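Q: Letter by letter, the chains look like this.
There are 2 protein chains.
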Amino acid sequence: MSFGAVTIIGPGLIGGSLALALTERKLADRLVVYARSKSALIELQSACPGAELTTDAKQALKDADMVVLCIPIESMFAFVAPVAHLFKSSAVVTDVGSVKSRVERDLAPLLINNAHWIGSHPMAGSEKSGFGAARANLFDGATVVITPTAKTSLVADKRAEEFWRAVGGCVVRVDPETHDNYVAQISHLPHLVAAALVNHSSTEARELAGGGFRDTTRVASGSPELWTEILAANAKPLVKNIDDFIHQLLRFRFALEPEPGSANPFTSLLLKALQKAQRTRSELLEKKPNFHKRP
Amino acid sequence: MSFGAVTIIGPGLIGGSLALALTERKLADRLVVYARSKSALIELQSACPGAELTTDAKQALKDADMVVLCIPIESMFAFVAPVAHLFKSSAVVTDVGSVKSRVERDLAPLLINNAHWIGSHPMAGSEKSGFGAARANLFDGATVVITPTAKTSLVADKRAEEFWRAVGGCVVRVDPETHDNYVAQISHLPHLVAAALVNHSSTEARELAGGGFRDTTRVASGSPELWTEILAANAKPLVKNIDDFIHQLLRFRFALEPEPGSANPFTSLLLKALQKAQRTRSELLEKKPNFHKRP
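Line by line, the protein sequences are chains A and B.
For the first sequence, numbering that gives the first Met the number 0 assigns the number 0 to the initial residue and increments by one for each residue that follows.
For the second sequence, numbering that gives the first Met the number 0 assigns the number 0 to the initial residue and increments by one for each residue that follows.
Fair warning: there could be bad hints in the mix.
Identical chains share a label here; the pair holds if one copy fits it or two copies do between them.
As the list claims (entries may be wrong) - Quick list of in silico lysine-lysine cross-link-like pairs, DSSO-like style, CA-CA up to 27 Å:
1) LYS239 x LYS271
2) LYS25 x LYS275
3) LYS275 x LYS239
4) LYS61 x LYS150
5) LYS87 x LYS157
Keep in mind that the hints were calculated from the coordinates and are not lab data.
A quick note: this is a predicted structure, and the numbers were derived from the prediction, not measured.
Go ahead and model the full structure; you've got the sequences and the hints to work with.
A: This is the structure we're talking about:
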């Protein structure tokens, strides 16, 4: 299987891993990797020996059958706007941004008439970033969300699924708004919470911290710049989720500190909540992503 | 080095790991393991071949030079009360409970005149429990807090430090109240938060969850019964920490949703908070526990 001429825009953790996976699995007749600066391409010379490395956007897009935008959300518009007319009309274009409504709103209008556009979000991040953390098997078994809308072409939908499956991912289809609410719950809120747990703790308390605290806060080691952009881009669903989450914490709080004179109900309320969480989390570990139908 | 006749009360994750470590490192002239029921001792017959296994508390305490209470906090009082007079007056007695003020209040008065009492808390838990999860190297490099008070004897303080170091731990001294505030920050609040994150998320959202969500919520797989008891026993410091933590989350919330018409300050506030968290967490990974002075 080959996806023809494939162009990766931005060889960071995700783009770099894609370049490595495409090289290793021989999934492209021609592989082009674009970066803004030459220095970002040096490591790829040996890691992806057959790839064309370029800092020229025009050359990167010329004749590309598949283009994957692997740059921060806020950079995508600036990158695409001046070159949107250069995409081959038969090209399938996708991205790897963590927030999809914003991408649909700002980017899709530039692309939808020039190529086959569809949004993607591989759930394969890490607290590390850059090509140094990239690896060919990053997508193995990872859930990759693709976010077709009513305007998405059949070609884009089919090629995107084939592409992400070819690099190892399990493809799930969700509409952009629903995706953004889901990732607020399982990624963006946990990130904020992890950062807040670290910042809340005192230096002395952290000297006692064991594996539990390290795991719970691992994501807080992610790039602050990248995450500020992601969280800000998904502010609306995130704020709603913060509010609901605080409500949950307050239920715990009042269970732990019942009204003076009232029967002490905390044990049963707390126990039920912890039992639910334990049960739910064990299902999480067993569950494989479903293959959703095209909307 | 030997600690003479050592008795472990309760062969769960911690007690079982202690029995394995003492056996492997030959740290006891005589090792006795007590459990309420015979069935809890079956696995130890082959795992700790030299140990005396008993369901008779009197026999377990007879002639013991060192006794480690490895049973839930709420069970400790019921276990110790009827047998407190049986401890050898030269015996060093400690526990492994996660909350120390409660233990000092309820248990220390029973023990302080009968033996050398000092509280301990090895920070070496896991989301697993029971002897099946026990391992001889559980304490290797783990922080073990000992909580001497003004009444603690020099003998208890010294032997407890030697004992925990001998099984691999890094010993830290903190007074009981301070300990309880610290563990509220780095263990109990993170546990509540992890459970709340799981319960807050929808089934559909969890289908997209990757390694980040799994790590952030790992501790929520811990025993609900055990954790309900721990959280309830530390309710007062925990409530204060929940309140402060919610305050942190609200700052994020209002940064993400600024007042209409106001300049949008969220990027810098959020960025600063995430930078602080990232920096602090990297220090966490580098840091080794300090050896605190005796108070």
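Q: Each hint should be assessed against the structure and marked as holding or not.
A: Taking the hints in turn, this is what the structure says about them:
Proximity of LYS239 to LYS271 under the C-alpha cut-off of 27 Å is found in both arrangements, the shortest distances being 25 Å within a copy and 22 Å between copies. In this assembly of identical chains, LYS25 and LYS275 lie within 27 Å of each other by CA distance neither inside one copy nor across copies; the values are 45 Å within and 42 Å between. Taking the shortest Cα distances, LYS275 and LYS239 sit within 27 Å of each other both inside one copy (22 Å) and across copies (24 Å). Proximity of LYS61 and LYS150 under a CA criterion of 27 Å is satisfied intra-copy only: 25 Å inside one chain copy versus 80 Å between copies.
Taking CA atoms no more than 27 Å apart as the test, LYS87 paired with LYS157 passes inside one copy only; the shortest distance there is 18 Å, against 76 Å between copies.
When held up to the earlier numbered hints, the structure conflicts with hint 2 and nothing else.
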